[in-house]
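**Q** So you can see what is in the structure, the chains are spelled out below.
2 protein chains.
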Amino acid sequence: MGKITKVSPLAPAQFPELPVIEGVTFATASAGVKYQGRTDVMLARLVPGSVIAGVFTRSTTRAAPVLDCQAKIGGASDGGAAILVNSGNANAFTGKGGVASVEAITAAVAQTCGIQQTRVFTSSTGVIGEPLPHDRITDVLSTLANAGDAGGIAAAAKAIMTTDTFPKGASASVNIGGKTVQIAGIAKGSGMIAPDMATMLVYIFTDAVIAQDALQGIVSKHADSTFNCITVDSDTSTSDSLIMAATGASGVDATGNDAFADAVHGLMLNLAHQVVRDGEGATKFVEIAITGAASDADAKVHAMAIANSPLIKTAVAGEDPNWGRVVMAIGKSGAAADRDLLSIRFGDVEVAKDGWRSPSYSEEAAAAHMKGENIAIGVDLGLGNGAATVWTCDLTHGYIEINADYRS
Amino acid sequence: MGKITKVSPLAPAQFPELPVIEGVTFATASAGVKYQGRTDVMLARLVPGSVIAGVFTRSTTRAAPVLDCQAKIGGASDGGAAILVNSGNANAFTGKGGVASVEAITAAVAQTCGIQQTRVFTSSTGVIGEPLPHDRITDVLSTLANAGDAGGIAAAAKAIMTTDTFPKGASASVNIGGKTVQIAGIAKGSGMIAPDMATMLVYIFTDAVIAQDALQGIVSKHADSTFNCITVDSDTSTSDSLIMAATGASGVDATGNDAFADAVHGLMLNLAHQVVRDGEGATKFVEIAITGAASDADAKVHAMAIANSPLIKTAVAGEDPNWGRVVMAIGKSGAAADRDLLSIRFGDVEVAKDGWRSPSYSEEAAAAHMKGENIAIGVDLGLGNGAATVWTCDLTHGYIEINADYRS
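Which chain is which? The protein sequence lines are Z and W, in order.
Note that numbering that gives the first Met the number 0 gives residue 330 to position 331 of the first sequence, counting from 1, and the numbers run on in steps of one.
Note that numbering that gives the first Met the number 0 gives residue 282 to position 283 of the second sequence, counting from 1, and the numbers run on in steps of one.
Chain Z with its partners taken away, still in its complex shape (with noise of 0.2 Å):
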């Protein structure tokens, strides 16, 4: 979609080395779905035996190839898999057309590849509500099945970027009885994120060997405590979709195991917070910590209000240590907040106490940290013991820029 606009100032200084998983080979081409001179088609060949689990939107408009993948996943393990994605059309709200868009796409990789078309997953992300010219990729497929490479998956995450200004990936490792389990993942995502379930595009691969529902618990779990903890714009995407793949070409059994499950959330954090770095116009990074609720629940939704305020994000633009914001943004979430006993604090600035300016409140101290990259926000309710951290970015002129006329 639109322009890519120059590189985000919070971007990673470059793109991570990120470990071969065996098992798994990556593909691009440039299909010409919408853009031109870049690749927009990605494909990940997976062998026999690899185990998928996903996580996707609860948006109620959802896009057919999200429909798909939903229905697919969790079934029979036995034959490879593929995983084939395009940029520049999502592919949603595009009727019955889309749906044998996406039918003509699988069952044309399915053909290519040797394998059931039960066992290819598409993504396809864009502009809404435009037809998908699923020839344009059909006819690259050939290509890309001949090209599989089991380095390339930097070159994939270039090639799923809508508004993207950087690829995103990360790579973990985990020792598991003296052997390495090796495991890597990309993502895109900018705009339209607030995700309700997973977010945007992710795919992770690892080379352990996991039990389909061992390995779908510890995506949907992690994805309530990372991709749902993320917020650019609080619009929610049609596509929205984690796929994880473990190929078992390691040989070793990661199910049940702590270390792994810990890794995947690492690295399910880390590419989160890669999506809120390349946030549409974004040039301060903000971390919301809610602590003292009366429950979990209600911490998020007092974190998510703060997080999603168009005041509290502009005045971060502005680095503006703003706190009556924040207090109006607890005042209208809707969960339980007593005025008298909340305390905030931006950085390490303790700004308000007891429902009211804090004594030793120091508006240099305050403005100087907002000056900074990373902002933290921290407000404790002085309820009980609930908490919840998200993350965000602040809104500028580049996110109405880049919206304002995404489509033309």
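I should point out that these hints are in silico values taken from the structure, not numbers from a laboratory.
Any given hint might turn out to be false.
Since the list can't tell identical chains apart, any single copy or any two copies may satisfy a pair.
Here are the computed lysine-lysine pairs in the DSS-like style, where the Cα-Cα straight-line distance is at most 25 Å [what the hints assert, rightly or not]:
1. Lys220 - Lys71
2. Lys33 - Lys352
3. Lys157 - Lys33
4. Lys178 - Lys95
5. Lys157 - Lys352
6. Lys370 - Lys352
7. Lys95 - Lys352
8. Lys220 - Lys33
9. Lys5 - Lys157
10. Lys71 - Lys95
11. Lys5 - Lys33
12. Lys370 - Lys5
13. Lys33 - Lys95
14. Lys71 - Lys370
Add chain W to chain Z, keeping to what the hints say.
**A** Just chain W now, with coordinates in the frame of chain Z:
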């Protein structure tokens, strides 16, 4: 509050000619609460027997004067009454000091005007979290008390402005049994607009005779379809207050009169629209009409999801008929929807039908509608008879300019 920028392009050509409401006088003063070189306090004095009703924000962090007003509404109406409003400081999240300020102001008004303190209603609007220098207000009280003018409502509308770019007023008259009842109202509001019970500051006066419970019933009922159906930025103020006073000076009893209630509704809707038309940075006035929802409540959830979507608001700013984002907002709202029954129109242009781009879709026709100043987005869910209409504005660079450094 901050800088008063150039007048909104959506502003009415001029402030309306408002009728004198017998039984109420207005006075304004420059107290220097925060602003310099403009009026920032207004006093409305009401004759003995005036009946007063009110609707207030449900924010859990609502301001001290709001809590004080809520405690007083519905009290005995035998003596005179007064409404005192300051701009520049919201006296919100100001702890015990804020409560003391309300006490000091209402006591001083009561003494100066010779009325009971329980009949003094005060509102404060402006920055949150700063101590209110209430001495500056009490210092000008005797001046205000001596300057009462039955024709001073236009000046009052100006004194209560913060980031507003124009003063807001509206009037109506109703014939009851051959006699005329007059109604006049003023409002302020521009940002932090997503009222939850009432909005911003609104004061409505009538010379009708009416029972307090009847008057309260009218404003409570109509707040739901007027001020509670507008949003500029999804952020809810700590100070939202609507107060309506009936002086009874006309001698005409409007209790139970439908035409009177309708006239109040029309006036409230007029003022609510003016608040949207002065939305911070607004260049387009947007009406969102939902039909065919499973219930009226569901319809409002869908309507507000569209009205608060930054992606839709930026698309409107860019004159882009991006109906895919309307699909997105319906999908994320949480209310019932069936993607394949959705139809969407921009103005009179049907852009989507039965979960698919309309066969008659014309990008040119849709784009032409988006170039206008008044944008109409219609969605039919195809599920039931639920309906709701809400109003909002677009999201532009102006909003960010106004809010990135509001406090300085």
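**Q** All hints are to be evaluated individually against the structure, with a verdict given for each.
**A** Results of checking the hints against the structure:
Taking the closest pair of Cα atoms, Lys220 and Lys71 come within 25 Å of each other only inside a single copy of the chain (20 Å); across copies the shortest separation is 50 Å, beyond that limit. When the C-alpha separation of Lys33 and Lys352 is checked against a cutoff of 25 Å, the pair qualifies only between copies, where the shortest distance is 24 Å, while the shortest distance within a copy is 53 Å. Taking identical chains as interchangeable, the C-alpha atoms of Lys157 and Lys33 lie at most 25 Å apart only when both belong to the same chain, with a minimum of 15 Å there against 52 Å between chains. Taking the closest pair of Cα atoms, Lys178 and Lys95 never come within 25 Å of each other, the shortest separation being 48 Å inside a single copy and 63 Å across copies.
With identical chains, the CA atoms of Lys157 and Lys352 are never at most 25 Å apart, being 46 Å at best within one copy and 35 Å at best between copies. Taking the shortest alpha-carbon separations for Lys370 and Lys352, only the intra-copy value of 23 Å comes in at or below 25 Å, while the best inter-copy value is 48 Å. Within a single copy, Lys95 and Lys352 get their C-alpha atoms only as close as 57 Å, which misses the 25 Å cut-off; across copies the closest is 13 Å, which meets it. When the C-alpha separation of Lys220 and Lys33 is checked against a cutoff of 25 Å, the pair qualifies neither within a copy, at 35 Å, nor between copies, at 50 Å.
In the homo-oligomer, the alpha carbons of Lys5 and Lys157 lie at most 25 Å apart inside one protomer (15 Å), although the nearest pairing across protomers, at 44 Å, exceeds that limit. In this assembly of identical chains, Lys71 and Lys95 lie within 25 Å of each other by CA distance solely inside one copy; the values are 19 Å within and 60 Å between copies. For the identical chains of this complex, Lys5 and Lys33 are intra-copy neighbours only, at 20 Å inside a copy versus 41 Å across copies, given an alpha-carbon limit of 25 Å. For the homomeric pair Lys370 and Lys5, the shortest alpha-carbon distance inside one copy (21 Å) is at most 25 Å, but the shortest distance between copies (29 Å) is not.
Taking the closest pair of Cα atoms, Lys33 and Lys95 come within 25 Å of each other only inside a single copy of the chain (21 Å); across copies the shortest separation is 60 Å, beyond that limit. In this assembly of identical chains, Lys71 and Lys370 lie within 25 Å of each other by CA distance neither inside one copy nor across copies; the values are 48 Å within and 44 Å between.
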